[in-house]
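Engineer: Hey, can you work out the whole structure from these sequences and the hints?
Under my numbering, think of the first position of the sequence shown as 8, with each following residue one higher.
The hints are simulated quantities; they were obtained by calculation from the structure and are not laboratory data.
Please read all numbers here as calculations on a predicted model, not as lab measurements.
All clues given are correct.
So the derived label-pair ranges between C-beta atoms look like this:
hint, residue 1, residue 2, range
1, E97, D20, 31 to 41 angstroms
2, Q91, S29, 12 to 22 angstroms
3, T10, N63, 17 to 27 angstroms
4, S46, V94, 30 to 40 angstroms
5, V95, S46, 34 to 44 angstroms
6, S57, E97, 13 to 23 angstroms
The beta-carbon is built from N, C-alpha and C at its ideal position, and this holds for glycine as well.
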Amino acid sequence: MRTLVVMGKTTNDGEATEVTLSNAPPLASIIAGDLFVASSSSRTALTVVSDTPDANGEIQLTATNKFKLYLSTGMTANDILVLQVEVVGEKVAVE
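Structural biologist: Here is the structure:
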């Protein structure tokens, strides 16, 4: 498992916004996520979903380098998104 940090004006208010990652390894899954909102000094735990995000704080992996995120207030320049992810080829099965 790895931690992926996304910063800056990334998503729009009140809609599912698809974010493309250009310099990250290919992702197999999103395990968990948190949004740290600078203006209110608050943390929001994200909910990982398998369908299109349509409620505040929902996130969905849509491709190995893309995810959709729905935030009612969007992300501003100082907000930080922290994701716990599985990278393609790194998950090891134990028998």
